[in-house]
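Chemist: Listed below are the residues making up each chain.
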Amino acid sequence: MAGFISSAKRYFLTKGGVHPRQNKRTASIMVFPGPNPEQVIIPLVQHTGAPCEPLVEVGDRVLVGQKIGDSDAYVSAPVHSSVSGEVAGIISHPHPTGKDVLSIQIVSDGLNELSPEVIPPGDPFQISPEEVRKFIRDAGIVGLGGAAFPTHVKLAPPAEKPIRTLIINGAECEPYLTADHRLMIERGKDIVRGALIIKHVVGAEEVIIAIESNKRDAVQRMREAGQKDGMHIAVLPTRYPMGAEKTLIRTLTGREVPSGGLPSDVGVVVNNVGTAAAIADLFEKGAPLIERIVTVCGDGVAGNANLRIKIGTMARDVIEFCGGYVGGRGKLIFGGPMMGLAQYSDRVPVVKGTSGILVLRRENLFIKEPAHFTCIRCGRCVRYCPMNLMPYALGMYADSGIWDKLEQFNVNDCIECGCCAYVCPTKNPLVQLMKVGKEGLAKRKKKLEEFEHSFSEEESVG
Amino acid sequence: MDWSLIFKAVLALGGLAIVFGVLLAVASVKFHVEIDPRVDEVLDALVGSNCGACGFPGCLPAAEAVVKGKAPVDVCVAGGKAVAEAVAKIMGVEVTVTERGVAHVHCRGGLSESIPNAIYQGIDSCAAAEKIAGGGKACKYGCLGLGTCKAVCPVNAIIIDEDHRRVVNRDKCTGCGLCVEACPRHLIEIVPRKQIILVKCSSKDKGSVAKKICTVSCIACKKCEKVCKYDAIHVRKNRAWIDYDKCTQCGKCVEVCPTTAVVKVTAIRERKSREKASESTPAPV
Chain G
1 MAGFISSAKR YFLTKGGVHP RQNKRTASIM VFPGPNPEQV IIPLVQHTGA
51 PCEPLVEVGD RVLVGQKIGD SDAYVSAPVH SSVSGEVAGI ISHPHPTGKD
101 VLSIQIVSDG LNELSPEVIP PGDPFQISPE EVRKFIRDAG IVGLGGAAFP
151 THVKLAPPAE KPIRTLIING AECEPYLTAD HRLMIERGKD IVRGALIIKH
201 VVGAEEVIIA IESNKRDAVQ RMREAGQKDG MHIAVLPTRY PMGAEKTLIR
251 TLTGREVPSG GLPSDVGVVV NNVGTAAAIA DLFEKGAPLI ERIVTVCGDG
301 VAGNANLRIK IGTMARDVIE FCGGYVGGRG KLIFGGPMMG LAQYSDRVPV
351 VKGTSGILVL RRENLFIKEP AHFTCIRCGR CVRYCPMNLM PYALGMYADS
401 GIWDKLEQFN VNDCIECGCC AYVCPTKNPL VQLMKVGKEG LAKRKKKLEE
451 FEHSFSEEES VG
Chain R
463 MDWSLIFKAV LALGGLAIVF GVLLAVASVK FHVEIDPRVD EVLDALVGSN
513 CGACGFPGCL PAAEAVVKGK APVDVCVAGG KAVAEAVAKI MGVEVTVTER
563 GVAHVHCRGG LSESIPNAIY QGIDSCAAAE KIAGGGKACK YGCLGLGTCK
613 AVCPVNAIII DEDHRRVVNR DKCTGCGLCV EACPRHLIEI VPRKQIILVK
663 CSSKDKGSVA KKICTVSCIA CKKCEKVCKY DAIHVRKNRA WIDYDKCTQC
713 GKCVEVCPTT AVVKVTAIRE RKSREKASES TPAPV
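Chains as they are written, first to last, in our numbering: chain G, 1 to 462; chain R, 463 to 747.
Treat the hints loosely; a few may be bogus.
[What the hints assert, rightly or not] In silico EDC-like cross-links for lysine to aspartate or glutamate, where the CA-CA straight-line distance does not exceed 20 Å:
#1 668/R to 399/G
#2 99/G to 503/R
#3 699/R to 346/G
#4 447/G to 547/R
#5 445/G to 643/R
#6 612/R to 399/G
#7 602/R to 117/G
#8 435/G to 503/R
#9 368/G to 625/R
#10 602/R to 399/G
#11 634/R to 547/R
#12 674/R to 346/G
#13 674/R to 100/G
#14 368/G to 586/R
#15 368/G to 592/R
#16 435/G to 586/R
#17 438/G to 592/R
#18 427/G to 586/R
#19 532/R to 503/R
#20 446/G to 547/R
#21 438/G to 643/R
#22 443/G to 503/R
[To be verified] If you anchor each label on the Cβ, the simulated ranges turn out as follows:
#23 692/R to 58/G: 52 to 58 Å
#24 677/R to 59/G: 35 to 41 Å
#25 453/G to 691/R: 53 to 59 Å
#26 57/G to 523/R: 57 to 63 Å
#27 520/R to 91/G: 28 to 34 Å
#28 726/R to 99/G: 31 to 37 Å
#29 573/R to 453/G: 39 to 45 Å
[What the hints assert, rightly or not] Residues of chain R clear of chain G, computed beta-carbon distances all greater than 10 Å:
#30 526
#31 586
#32 587
#33 593
#34 655
These are computed hints drawn from the structure, not numbers from a lab. Keep in mind it's a predicted model, so treat the numbers as computed, not measured. Where a beta carbon is used, it is the ideal one built from N, C-alpha and C, also for glycine.
Using the sequences and the accompanying hints, generate a full structural model.
Modeler: Right, here's the structure in full:
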């Protein structure tokens, strides 16, 4: 009964959100190893933060797990080679975000020889949290949910903000994607072990593993795996964007992350199940983050599957491995259909934040010509916004460049989940407008600061 | 009918009117604010579109600044020489108006010249397209053709046709530079008005790469550099750059350019008459 009440309460704590068709076709297929690529192109920016500097030179021989790029900056994570072979070039190559970034091209020798650097760091519970964080950083572990925020930064909340709750996020609310779902079914024990390590690092009192109600089998498995260690398995209502950090915190704890704040402000740390498993792997085998589970799905690709893919594998190789394209080539999306990034080429590498490769047929696409913003003021976007914003107003202000109003209406609280654009009857690209608005506001603020700075200088001179 | 009621009403309202009238008359004398009449005159002389190109929030603050002597008489960027002379006349000063340059878009590729690598579906704005992986154009440096510059131009000097080709109307352009700031790819430059030989490409790609994605891009072949007798055109960063001080507008570089990336600017009138002529005479098969 208690369980029923809490899930009912959760249902009312959620606000907004949509129910897109789930299309989780790969949920019952086992994860199997992906292609062994002839060459990989590993971007030096795979995370939020400062880009890495290459540590190798053209012609060098690298081994699996060898560190090939690192940065001195705190908010950054090193990158490692995912194959053994020769560095063929350090080139500017397209990145899933659409920009060209400096990448290391490695031609594989097919041997996959393990680097001597890869050694298990020992028992994480015997060493201090700082040391654990250092190991996590050196392994290049970032948030595997999609944003790729360096995990060691996330696990180092400021001292004045004690962490009460650790949430392990297995919601996976995006349609099509089942990578986390399969991970929970197949490697529940590893996730629990990773969660315990994170709990030890941040000093949390309780651990909640959050899973959406459409993954009953995963709930069952995680209950079995986490029973002994006192994990609380929470079942969330199935609704997009349930897996978004702020929505998740509100639904599970009833606490609201303040505008412009971080989860640590309300004593919470959220980590993806994939990240937890990667941390467990690190302390068991010493393995840095060189591969991840990617859902290859959609009606435009012959075989749909969950694959363990080496970082840096071209999307083209992955799609060929799955049987190639079917039907008219339509859209290639990295990530899910709601928040994923559309690609203009399949010569784009899989990076740490790639949770899925979605191929859609051209016949099934809705193509709209570039147009100006036309809003009919139906207010649907306001009703469905999970962050209590007014997307139509923000869209208008971003379109006409009224920056003060954008700030007043909190454009920076937008999580770009795409619910507004999904429900919009006139098919306005609202998320794009939010992005434009955020960038414009930041530029404007910078300009104002510069202006004020020059003004005060003038005053002091006068 | 009681006439006294009407009489009383007229008396009361009329009395109030007289009282307030006197009050207002006293106030207007007592609280009179001296306004320089020249502000209104200057304001009339300015363009009046409140474009903000001068750096003031609008035309009225600009006029006030001119009258107070805080701004030069040629403050109005959009108005150009004629407005500056009119303002100078009101202010009673002589000015030698420096002629402003004219905007030039360093990209020639329209939809039929520069191939796209994706279908762009989004907002009709270059800034927004640049945010989404740089729009649909294969060229990473070229004009997106969605008209952000056209939208900010206070004098409607930028024309964008269906093929996304840009034309700057030199008769209208006042060289205010608003488009220079607006362009997310930094393709627009203010060039001297006399300059008619211009490079219309900003590609930093190597010639072999640029040639594949655009038929009119500069391929850095250096033919122009060799033919120029005045040392005025040079290839740097995989594209040609003209030194406007040295260029004599001889047009040799335009003749030798294999991809027509260096162009000679023609007046719109000439262009139109030429197009008409080519339309009337059937093209050779």
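Chemist: Now look at each hint and say whether the structure bears it out.
Modeler: Consistency of the hints with the structure:
1. Taking the CA atoms of residue 668/R and residue 399/G, the gap is near 36 Å; set against the 20 Å cutoff, the hint is violated.
2. Between residue 99/G and residue 503/R the alpha-carbon distance is near 52 Å, which puts this suggested pair outside the 20 Å criterion.
3. The straight-line distance between the Cα atoms of residue 699/R and residue 346/G is roughly 28 Å, outside the 20 Å bound, and the hint therefore fails.
4. Under the criterion of a C-alpha separation no larger than 20 Å, the hint pairing residue 447/G with residue 547/R is inconsistent with the structure, at around 33 Å.
5. Taking the CA atoms of residue 445/G and residue 643/R, the gap is near 16 Å; set against the 20 Å cutoff, the hint holds.
6. The straight-line distance between the Cα atoms of residue 612/R and residue 399/G is roughly 15 Å, inside the 20 Å bound, and the hint therefore holds.
7. As the CA atoms of residue 602/R and residue 117/G are separated by approximately 39 Å, the hinted pair breaks the 20 Å bound.
8. Of the pairs offered as hints, the one joining residue 435/G and residue 503/R is violated, with about 44 Å between alpha carbons and a cut-off of 20 Å exceeded.
9. Between residue 368/G and residue 625/R the alpha-carbon distance is near 18 Å, which keeps this suggested pair within the 20 Å criterion.
10. Between residue 602/R and residue 399/G, the direct Cα distance comes to roughly 24 Å. Violation of the 20 Å bound is thereby established for this hinted pair.
11. Using a Cα cut-off of 20 Å, the hinted pair residue 634/R and residue 547/R holds, with the two alpha carbons roughly 17 Å apart.
12. The straight-line distance between the Cα atoms of residue 674/R and residue 346/G is roughly 18 Å, inside the 20 Å bound, and the hint therefore holds.
13. Restraint check: the Cα-Cα separation between residue 674/R and residue 100/G comes to about 18 Å, which is no more than 20 Å; the hinted pair holds.
14. Taking the CA atoms of residue 368/G and residue 586/R, the gap is about 11 Å. The hint holds against a cut of 20 Å.
15. Of the pairs offered as hints, the one joining residue 368/G and residue 592/R holds, with about 18 Å between alpha carbons and a cut-off of 20 Å not exceeded.
16. Distance check on the hinted pair: residue 435/G and residue 586/R sit about 14 Å apart at the alpha-carbon level, within 20 Å; holds.
17. Only pairs whose Cα atoms come within 20 Å are accepted, and residue 438/G paired with residue 592/R is accepted, the gap being roughly 14 Å.
18. About 14 Å separates the Cα atoms of residue 427/G and residue 586/R, which keeps this hinted pair within 20 Å; it holds.
19. Annotation: proposed proximity of residue 532/R to residue 503/R holds, straight-line Cα distance about 17 Å (limit 20 Å).
20. A C-alpha spacing of about 37 Å is found between residue 446/G and residue 547/R, which places the hinted pair above 20 Å, so the restraint is violated.
21. Proposed proximity of residue 438/G and residue 643/R is supported: the alpha carbons are some 18 Å apart, at most 20 Å.
22. This hinted pair does not check out: residue 443/G and residue 503/R have alpha carbons roughly 37 Å apart, beyond 20 Å.
23. For residue 692/R and residue 58/G, the Cβ-Cβ distance of about 42 Å falls outside the hinted range of 52 to 58 Å, so the restraint is violated.
24. For the pair residue 677/R and residue 59/G, the beta carbons lie near 37 Å from each other, so the given range of 35 to 41 Å is met.
25. Our hint of 53 to 59 Å for residue 453/G and residue 691/R is violated, since their Cβ atoms are close to 48 Å apart.
26. For the pair residue 57/G and residue 523/R, the supplied restraint of 57 to 63 Å holds, since their beta-carbon distance comes to about 59 Å.
27. Taking the beta carbon of each, residue 520/R and residue 91/G are about 50 Å apart, not inside 28 to 34 Å as hinted.
28. Checked against the given bound of 31 to 37 Å, the beta carbons of residue 726/R and residue 99/G, roughly 35 Å apart, stay inside it.
29. One distance hint, 39 to 45 Å for the beta-carbon pair residue 573/R and residue 453/G, holds here, with the actual separation near 43 Å.
30. At the 10 Å boundary, the C-beta of residue 526/R stays outside the reach of chain G, the nearest C-beta of that chain being 19 Å off.
31. Its beta-carbon lying about 4 Å from the closest one in chain G, residue 586/R breaks the requirement of being farther than 10 Å from that chain.
32. The claim that residue 587/R is not at the interface with chain G is violated, since a C-beta of that chain comes within 10 Å of its own (minimum 7 Å).
33. Once the 10 Å rule is applied to beta carbons, residue 593/R is inconsistent with being away from chain G; the minimum gap is 5 Å.
34. The Cβ of residue 655/R lies farther than 10 Å from every Cβ of chain G, with a closest approach of about 29 Å, so its non-interface assignment holds.
The structure fails hints 1, 2, 3, 4, 7, 8, 10, 20, 22, 23, 25, 27, 31, 32 and 33 (numbered hints given earlier, in ascending order).
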